[in-house]
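K.L.:
Listed below, chain by chain, are the residues.
Number of protein chains: 2
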Amino acid sequence: MSIPDPKFMKAAVLAADEGLTLGKGGPFGAVVVKDGKIIAVGSNHVTSTNDPTAHAEVMAIREACKVLGAYQLTDCEIYTSCEPCPMCLGAIYWARPQAVYYASTRHDAADAGFDDSFIYDELNVEPENRSIPFIHLAEESAASLFNTWKTSDNKKEY
Amino acid sequence: MSIPDPKFMKAAVLAADEGLTLGKGGPFGAVVVKDGKIIAVGSNHVTSTNDPTAHAEVMAIREACKVLGAYQLTDCEIYTSCEPCPMCLGAIYWARPQAVYYASTRHDAADAGFDDSFIYDELNVEPENRSIPFIHLAEESAASLFNTWKTSDNKKEY
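Same order as they appear, the protein sequences are chains A and B. Under our numbering, the letters of the first sequence match residues 1 to 158, in that order. Under our numbering, the letters of the second sequence match residues 1 to 158, in that order.
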C-alpha cells in the first residue's frame with residue numbers, strides 16, 4: 001500500500017463538483033489510481049441516467065475495469081469524496097483494490113439527506129424485519145445451480 | 001406486499017441457469033416483478049463483461065429502471081436465486097422495491113466459493129482494519145460539496 005496522495009482526493013472532489021454542476025446526480029466523485037496515475041474517474045449519475053446503482057465508486061470501478069480489460073482492480077487504489085455506502089463497499093470488495101481513501105463520512109452524507117448510514121444500520125437487522133423485507137422463499141431448483149457450478153470444469157471464478 | 005409467487009422464483013433460477021450454461025458468469029439470477037408481471041430479468045455477467053458489479057440483482061434493477069424510466073422501483077418486488085450480497089442489498093435499498101424474495105442463502109453461496117458471507121462480516125470491522133483498508137483522508141474541499149447540495153434549489157433528490 002502506497003502513501004496516500006492528497007492530489008488524488010482533490011481529483012475525486014473535482015469529479016463530484018463537476019457532476020453536481022452538470023446536474024448528473026448527487027455530490028459524489030471517485031477516482032481509481034494505479035502505478036501513481038489516475039486510470040478512471042467517476043461521479044454520481046443516478047438521477048441523470050435513471051440508474052440507482054450509478055454511484056461514483058461503481059462508475060469509477062466499471063470504467064477502470066474496462067481500461068484494464070479485467071474484473072479485478074489488482075494493485076489499484078480508490079479515492080472517493082465520501083465513505084462508500086454498503087453497495088459501493090460491496091462493489092469494492094468484489095473488485096479487490098488494495099486500499100480505499102475517503103474524505104467525508106457516512107454521517108456527513110446522512111446529514112445531507114442520503115441513506116448511507118441508514119443502510120449500514122439495516123444490514124444488521126434480521127432480513128425479514130428490515131424496512132424492505134428480505135424473505136426466504138425455498139426453491140428446490142436453486143440448490144442445483146451451486147452443485148452445477150461446483151462440479152463444473154471450465155468455470156471462471158471471481 | 002403481495003403473496004410471493006413461486007413461479008417468479010423459478011424464473012430467477014432459470015435466468016441463473018441460462019447464464020451459467022452460456023458462460024456469462026456465476027450461478028445467480030433475478031427478476032423484477034410489478035403488477036404480477038416480470039418487467040426485467042438479470043443474471044450474473046461479471047466475468048463475461050469484466051464488470052465486478054454485474055451481479056444478477058444489479059443487472060435486473062438497472063434493466064427494470066430502464067423499462068420504467070425511473071430510478072426507483074416503486075411497487076416492485078425482486079425475486080433472486082440467492083440472498084443478495086452487501087453490494088446488491090445496497091443497490092436494492094437505493095432502488096426501493098417493496099420486498100425481496102431469495103432462495104439460497106449467503107451460506108450456500110460461501111459454500112460454493114463466493115465471498116458474500118465474508119463481505120457481510122467485513123462490514124462490521126473498523127474501516128481501517130478491514131482486509132481492504134478504508135482510510136479516512138481529510139480533504140477540506142469535500143465538505144463544500146454537501147454544503148452546495150444542501151443549499152441548491154434545483155437538486156433532484158434520490
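No lab work stands behind these hints: they were computed from the structure. Worth double-checking, as some hints may not be accurate.
Copies of the same chain look alike in the list, so a pair counts if it works inside one copy or between any two.
Calculated lysine-lysine pairs in the DSSO-like style (CA-CA distance at most 27 Å, straight line) [to be verified]:
#1 LYS34 / LYS150
#2 LYS7 / LYS150
#3 LYS156 / LYS7
#4 LYS150 / LYS37
#5 LYS37 / LYS155
#6 LYS156 / LYS37
#7 LYS66 / LYS10
#8 LYS10 / LYS37
K.L.:
Are there hints from earlier that the structure breaks, and if so, what are their numbers?
P.N.:
Failing hints, ascending: 1, 3, 4, 5, 6.
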